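As a plain string of letters, each chain reads:
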Amino acid sequence: MDPIQTPETPVFDRRLIYRPFLERLNPIASIGTVVRQGLIVTPGNDPRDPAQPPIHEAFASAAEIQPGVQMALVGGIGSGKTTELLLTRERLKRYPDAVNLLIEAAEFTDFSQANPGAMLAAIGLRLFARYCENFGEPPEEMAAAYKRLRELGLGKTEWYGHDYSGEPSDDYGTRVDVPGLMKPRFAELKGEVGKVADLLGAIALPFLEHGNQVTVIVDGLDRLIDPARFRELAEQDLRAVRGMKVSVILAAPLLLWYDRGRFLQDYFDIVKHIPAASVDPKESTFLREILKRRGAGDLMSAASVNEICQFSGGVLRDLLSLAQAAAQNAYREAEDRITRKHVQAAIRQLGNRYLAGIGGAERYRIRRLQEDSRFDIEDSNSRQLLVNRQVLEYSKKGRDYFRVHPALAKLLAPA
Amino acid sequence: MTGFDPITPFTLIRGIGLAGPTNPAIYLLICGQGTADGVENDLLGEIRAQLGDPVQAETVSELLSRSLPFSRDSSTRLIRIDRWLPDLVDSLDKHSALLVQDGSQLLFLAEEQTAEQLLKAAPNLRNRLAGVFHIEPEDLSGGGTV
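Going down the list, the protein sequences come from chains A and B. Residue 1411 in the numbering used here sits at position 53 of the first sequence; the count goes up by one each step and never skips. Residue 1 in the numbering used here sits at position 2 of the second sequence; the count goes up by one each step and never skips.
I should point out that these hints are in silico values taken from the structure, not numbers from a laboratory. Here the structure is a predicted model, which means the values were calculated and not measured. Just to be clear, a hint being listed does not mean it is correct.
Cross-link-like lysine-lysine pairs, in silico, BS3-like; alpha carbons within 30 Å at most [unchecked claim]: (1) Lys-1505(A) / Lys-1640(A); (2) Lys-1505(A) / Lys-1603(A); (3) Lys-1768(A) / Lys-119(B); (4) Lys-1699(A) / Lys-119(B); (5) Lys-1754(A) / Lys-1768(A); (6) Lys-1650(A) / Lys-1754(A).
To spell it out: a stretch of chain B is covered by chain A in this simulated footprint if at least three of its residues, at any positions, have a beta carbon under 8 Å from a beta carbon of chain A; those stretches are [as the list claims (entries may be wrong)]: (7) 29-42; (8) 47-59; (9) 93-100; (10) 110-119; (11) 126-137.
Backbone N, C-alpha and C define an ideal beta-carbon position, used for all residues, glycine too.
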C-alpha cells in the first residue's frame, strides 16, 4: 500500500543532496572561499621531484631567508597555480612581521600591451595602503612618494582660473585633466620605470626599516600566454625591484618553460613547474584525495572516482568540472547517486570542448603523439595544443613527456 | 560542431538554481541559426520564474558600444555573441578569472560557428566553463502536430 501523503509528510528534496556537493566542487569558486571551507588538499611534495618539499614551502622558505629573491611558477591552465600561490601566502603568515601582497595582474594591465612600470606602480599603491592599515599615519616622505606615484600613474585634475578665496562665485574655472601614465588600469609607464621604481623604493623603505619581510605575489600573468609579451612586461619591472629586498613570486606562461631562450631559468632565482598530476593511483593519491575532501565518496562509487581522476588527465580544474558535470547529469535524471553513465556523459562533454576547433593539422600531431610518442614543442601547432590543454605535459622521475588529454583521446578513439 | 548535449532553458536554469544563486558559473550555450531570439526570451522567462532574480541581457555589440563593465546589479547575465569580435574575446579570455568573481552566473549565447571560434580562441575561458550545451527553445506543443 502506498504511504498516505499528508501535509506533514516530509517531502524528499533531492536538491539537498546535490547542492552542497556542487558548491564544494565549483572549479571557479573564489579561492578564498575554498580555503575557508578547508577544501584544499596540500601537496606533500614538489610535483616534479617527490624528494623536494612542496612548491609553496620552497617559495615561502626562500622569501624568508633571501629577501629580494625572485621566483616564477609555471603550469598549464587549471593546473593549480593560484592555489599554490595562495598556499605560499598562507605559509608566509607564520612570521608576524611578514607583509604579503597578493596582486591579480588584471589590476595593473589589460594584457593588450606590455606596460613596463605598471606592476611596480601597483605594488607601490598596495604597499602604501597596507602601511596605513598596519601602522596608521604614514611618514611624510612615504606619503609624498605615494602622492607622486598616484599622479604619475592615474593623472590628476586641476582647476585653472578658479577663485580659491572661498567667496561664492559663478566661475568655477576651467577643469584641466592631466592624464596619468596609468589609466584606471595603468596605461603607458614606459620611460618612467626608473622614477616609479624610486617611488616604490620610498614607499617600501619604512617597512624594511621596521624589519618587515615583504613579499609580493603576482597571479594572472600566465594568461599573457605569449612568452615575448610576458618578458616585455616583467623584465623591466623585475629588474627595478632587484636590490630592494622585496621578494617577488610570479605566475608565468607555460610556454616559457619550453622557451629556447631560457628566460625563466636564466632570470629567476627559483623556477617551479606544476605538470599535470599523475592519474596513476599507484603513483599518487592526490587527485582522489581532492575529490574525497569535497565529498565525492558520499555520492559515487570508488570506481567512478577513479574514472573521473583518470579522465581529468591530472588537470585539477578538469577534475572538479568532471565531478560537477556528473553530479548535474545525475540530478537532471532525478537520481540520488552519481553512476557510471553520468560520469561517462561528463567525460564526453569535456572531450567535446577540447575537440572544438581541432583541424587537420592538429589531428595529425595528435595522431603522431598517440602512435609514435612524437611531439615537437618547437612547432607552433603543437604549442597551441599544449596551451589549450588538448595535450598535457607530465613529469616522472625527472623525465618530461606529453600525452593527449584522455577525455579528448577517448572521443578520437575509433568506435 | 556536434557532440554537445542538448538542453532546454527550463532544464538549464533548474540546474543553475540547484547549484545555488551565489555559486558562480559560466555557460556557453549554442543555438541553431535564427533561434537566438526565441532562446533568449525563454531563458529570460525561466530565470525570472525559477531564480526570481533580475537578469541583465545584452549583445556583445551593445557591451562594446557602451565600453562599460558589466553592471553588478543582477546575479545572472546573459550575453549574446551576435558577432565575432576577436579583441573582445581575447579580453574575456584574459579576464576570465574575474568574470564571475562576485558569485554571479554568466551565460554566453552564440550560434555554432561563433561558439566554435570562442572555444578555440579562449582557452582560459573554456577551462572555466561549467558547461557547453546545444540549447533549444522550449517545445510547448506537447509533442503534437497541428
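Quick rundown of the hints versus the structure:
Taking the CA atoms of Lys-1505(A) and Lys-1640(A), the gap is near 58 Å; set against the 30 Å cutoff, the hint is violated. Proximity of Lys-1505(A) to Lys-1603(A) is assessed by CA-CA distance (about 23 Å); at most 30 Å being required, the pair is judged to hold. For the given pair, Lys-1768(A) sits about 19 Å from Lys-119(B) by alpha-carbon distance, which is consistent with the 30 Å threshold. Between Lys-1699(A) and Lys-119(B), the direct Cα distance comes to roughly 28 Å. Compliance with the 30 Å bound is thereby established for this hinted pair.
With a C-alpha separation of about 23 Å, the suggested pair Lys-1754(A) and Lys-1768(A) falls inside the 30 Å cut-off, and the hint holds. For the given pair, Lys-1650(A) sits about 24 Å from Lys-1754(A) by alpha-carbon distance, which is consistent with the 30 Å threshold. Only residues whose beta carbon comes within less than 8 Å of a beta carbon in chain A count, and the stretch 29-42 of chain B has 0; fewer than three means the coverage is violated. Figure legend: the stretch 47-59 of chain B, annotated as covered by chain A; annotation inconsistent (0 residues with Cβ-Cβ distances under 8 Å, at least 3 required).
Check result for the stretch 93-100 of chain B against chain A: holds, 7 residues qualifying (beta carbon to beta carbon below 8 Å, three or more required). Check on the stretch 110-119 of chain B: 5 of its residues sit with their Cβ under 8 Å from a Cβ of chain A, so the three-residue criterion for coverage holds. With 6 residues having a Cβ less than 8 Å from any Cβ of chain A, the stretch 126-137 of chain B passes the three-residue criterion, so the hint holds.
Against the hints set out earlier in the document, violations occur for numbers 1, 7, 8.
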